[in-house]
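Okay, here's what each chain looks like letter by letter:
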Amino acid sequence: MVNYGGDEVSALVVDIGSSSVRAGYAGDDTPKAVVSSYYGYKTTAGDSDAKLYLGQHGPSIWREGMEIGNPWRDALIFDFNPIPPLISHALSDIMHANPSEHPILVTEPAWNIAANRERMAEIMFEEFQVPAFYIANTGVLNAFAAGKGSALVIDVGHSVASITPVVDGFVLRKGLVYSALPKLVHAHAKHVLTTPTPTRGSIDLYPHQLIASKIPVEPSASPRFALREDRLAGTTESWRTWYETREVDEWIQTVAGVLDQGWNEQVAAARPPRQYEFPTGFNTSFGPERFQVGEEFFYHSPQLVAQNPNLPKNIPTLLSESLRACDPDLRQVLMGNVVLTGGGSLYTGFADRLENELSRNFSHVKIHAPGNPIERKYGAWLGGSILASLGTFHQLWISREEWQEHGKAIVGQRCK
Amino acid sequence: MNVRAADLRSALSLPATAHSQSHPRKPTAQSSKKPEGISRELYALIGPSAPSLSLAANLAKPRLKQKPNFGGRGTTKWEWRPFRPPARGDSLQLEYSFAKYDVRPAKYTYSDEEYSALLEDNGWSKEETDYLFDITHEYDLRWYVIHDRYDFLGGPPRAIEDLKDRYYSCCRKLIRSRPWSGDEATKSQLLNNYQFDKEREKMRKNYIASLEERTQEEVAEEEALFIELKRLEQNERRFRKERDELLRTLLGIESGLPDIVAEEEGPVPLSADSLKKKKKGTMDVDFPSTPTNVVSLGPPATKRPQSAKAAVYDEKHCIMRVEPPASATTKTTHVPVHLRSLKLPNLKGTIAPKVTEALAEVGVRYPPRLVMPTRENCAKTESLLDATTALIDIKKIVDRVDQDIRVLRARLGLRESAGTDGDVRESMQMDIDESKDGSTNKEGEVDGRAQSVVSTRSGRGRKQSRRSMSVSSIDTSASTRTGTKRQKRG
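Protein sequences, first through last, are from chains D and S. In terms of full-length UniProt numbering, the first sequence opens at residue 1 and continues consecutively. In terms of full-length UniProt numbering, the second sequence opens at residue 1 and continues consecutively.
There are no misleading hints in this set.
Listed next, with one range per pair, are the computed distances between beta-carbon atoms:
(1) S:Ser210 <-> D:Asn264: 32 to 42 Å
(2) D:Pro309 <-> S:Val103: 45 to 55 Å
(3) S:Asn192 <-> D:Pro85: 57 to 67 Å
(4) S:Val103 <-> D:Ala409: 25 to 35 Å
(5) D:Asn98 <-> S:Phe196: 46 to 56 Å
(6) D:Pro85 <-> S:Glu120: 54 to 64 Å
(7) S:Ser111 <-> D:Asn98: 46 to 56 Å
(8) S:Leu229 <-> D:His191: 51 to 61 Å
(9) S:Lys230 <-> D:Asn283: 57 to 67 Å
These aren't lab readings, by the way, just hints derived from the structure by calculation. Ideal placement from N, C-alpha and C gives every residue a C-beta, glycine not left out.
Using the sequences and the hints given, assemble the complete structure.
See below:
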């Protein structure tokens, strides 16, 4: 008897994050569909059956009166209404798969609440009619993606930075810490761009959708462009916020970095500046300020802390907090298996800086940080893909029958 | 082989028989058919006469490269098939072959009676114990996870050691109290598996924690100290090495460094041949008999426990092995190889001439030159010298006491002559002293006699065995030479 492929059950893996929804077949190395978690909708159309604008032709296309929404708030899925359309868009429209034919593995953050995971199970079984369902932890999946059963997962995402100790495939909840650090970094970046400096004024963050024409200008010269006045009136506040966020993100991804040895004015000034052109045509080169942005991950100045008592904790603080909650026996194991993941960790020099910070306090630190950005961005999806294609995993699926027999309680029992 | 008559005839160029001619040669269907596994050319050479059935079978192509036959339908078709995982109780259809590795640890359960009889504990309620056992089984004894998830409503906070201690102690009690079908060894082994020392574990954890809580300065200091220690050790080693080098250069073999001894002589025992020669006392004139060649057979460089065989060998060949002195472990006190006769005790300055004199009286030379300084002879010489020294010491004391007596007597006589009555007690004392002295004197005399006997004996021995002595010494050197030779050859 030929055993090869005996483990294959053609499961689907769906990883819902605050910036994008990743979906694909278990056993693949990259997700087949990556859909933005932001969606457009029009309030005028009515309530729940309002049309949602999703994916590539969703929020990024200007529509009169279109608002932009995101299901996530405070590191949890807050609004479940757009979740089925998002999943359906990824699975049916992009992958052309029928969810009722495939077991589906969904991810959740380690701090997810029972109500949310039960709701997710309900959506899967009742709306998508899946034969089997499982909800797995992103921390554990990231550890699996790195090939580790025990690891300290440092996940810097779109809106949350978290540190998750994983032991034998289980999250140690006492050592789990997270903060909205990426949002702070983002806010700082926006602040840097919109604050006038001696060499330039405040930068306009108009998206190309709102720009009718522009004329090339010299670097640092004030931009000369014309706005599409016809669109301005119909632009909603949420869409404006969304595109400004996107412009800042674009800038961060192109320019920002982290100094690997800690903040040093001279070193930052010595690094070559980087040129960046905004949709308005304004272009200039950014020097030390591009490193200030990344520095926010590791160090907060005392006056900033004094001004904001609820400042999100930076990475060294999170680390020491997490390790303090772990058993002394485990610390050495965890420090030898640090997994760096998440798209937010793709700042140049981030991994080096982290390594320097860690080895200053611990001996025998080993950081697993995939050089491939796809693996870094979709680590949780990849882990889910690995997990769902393992033969030993199949006993964990919550089958449709079990769901009908036990109801929501089975989710908490099975998915520990 | 069915060689046909016609073939023979043609081979020997004999005319064919009428019989054969009447039946023209016509290959039969069987012979014309080429057996499988023989190339066409080869078959043509052999002709129809050749292969028997067995030969054809041997020549058949090996079947290694043949493709397996799957019922003749060409390639296997893949298809999706529903399957049921054996680890699942419901009807979800899924199959895989690694279910056998899904093993769970043995779960211990207890009845209410057992709990009240054995497991009562002031710190733990039955409900919490139940909860502990459930969660322990749920997470398969992954204690870190169990401790992380442990959440018993209304229970006190528990450290991971508390949980382990409670669980393992309950398990131990249950194992002990229950009837055991196997033997005692397996039971105690099982009990050992459930052994847990809470205090020790806590102490260990504290050590780890304190190790981690060291400040940067402390770590740096520790490292500096460690490096300093390493450096000192290295210096010491270098110093020792240099000293050894120096000793080797200056003294050579006499430095007593073990590695040199091993190089020059080796701990190889003397060959049986050379020992036989020694016994017979045959002189080997090829080798000069310089006393420097006499090698002490005493302490071997290595201190191995003697096997029975070696003991017999030593016994047979009169080898005495001397345990190196305990203090000789350090190099400073190391005793190099030496001649036994050179190690006879030297007498201290003042007493030496007296001993010489005393020995000369009985005809013994001092310092004694032993013709054959065997172990016994040396020991006897040594005891002779000891005794002589003692004798001289006693003689000295006797002389002094005699002198005292004389003086006192003189004084007594002076008093008597002066008319004053001497102190009776004093005179009594004197008498006693005198008698004591007398006995000592006698003993001294006996000793002296004994000594003289010894010395005469050794003297006699010397005269008698002069020839054999010299022979043996030569022989020893000779045999060692041969030993060295053999070594080289080997």
